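Undergrad: Sequence:
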Amino acid sequence: MRVNGKREFSMAPQRRLAYDTDFKLKAINCAKQHGNIDAAREFNINESMVRKWRQQENELHLAKKTKKSFRGHKARWPRLEDRLERWIS
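Each residue of the sequence shown is one higher than the one before, starting from 0 at the first, in numbering that gives the first Met the number 0.
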């Protein structure tokens, strides 16, 4: 877009993505073989995410592969949420 003969860019806010456990573990394995930066490029993610996921690797192995794990806040009512999940499943 041009304003007064100068090029200006408007950036729309980007929506944050959530990655499932399987994706994170694949990125971790790639990082172990090729390094964090190369893994970040390969999976089109930020290198800091790879570092954080590598620190969480043990917990990620215990999580469900399809769960979008470690996305921020912990459950407010974990027992209730577990019961609800069992009831739904």
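Heads up, some of the hints might be wrong.
[Said to hold, decoys possible] Ranges of calculated distance between the beta carbons of each label pair, as one might list FRET restraints:
#1 Arg78 x Ala17: 20 to 30 Å
#2 Asp21 x Ser47: 13 to 23 Å
#3 Arg40 x Lys64: 17 to 27 Å
#4 Gln54 x Ala17: 14 to 24 Å
#5 Asn28 x Arg75: 14 to 24 Å
#6 Arg75 x Gly34: 18 to 28 Å
Note that these hints are calculated values from the structure, not bench results. None of the values given here were measured: they were computed from a predicted structure. Backbone N, C-alpha and C fix where the C-beta goes; we use that ideal spot for every residue, glycine too.
Undergrad: Indicate, hint by hint, whether the structure satisfies it.
TA: For each hint, the structure was consulted:
1. Arg78 x Ala17: 20 to 30 Å: Given a distance of about 24 Å, which is inside 20 to 30 Å, the answer is holds.
2. Asp21 x Ser47: 13 to 23 Å: At 20 Å between Cβs, range holds.
3. Arg40 x Lys64: 17 to 27 Å: Once the Cβ atoms are compared, 24 Å apart, the range 17 to 27 Å for Lys64 and Arg40 holds.
4. Gln54 x Ala17: 14 to 24 Å: Holds: the Cβ-Cβ distance is about 18 Å, inside 14 to 24 Å.
5. Asn28 x Arg75: 14 to 24 Å: With Cβ atoms ~33 Å apart, the hint is violated.
6. Arg75 x Gly34: 18 to 28 Å: violated (38 Å)
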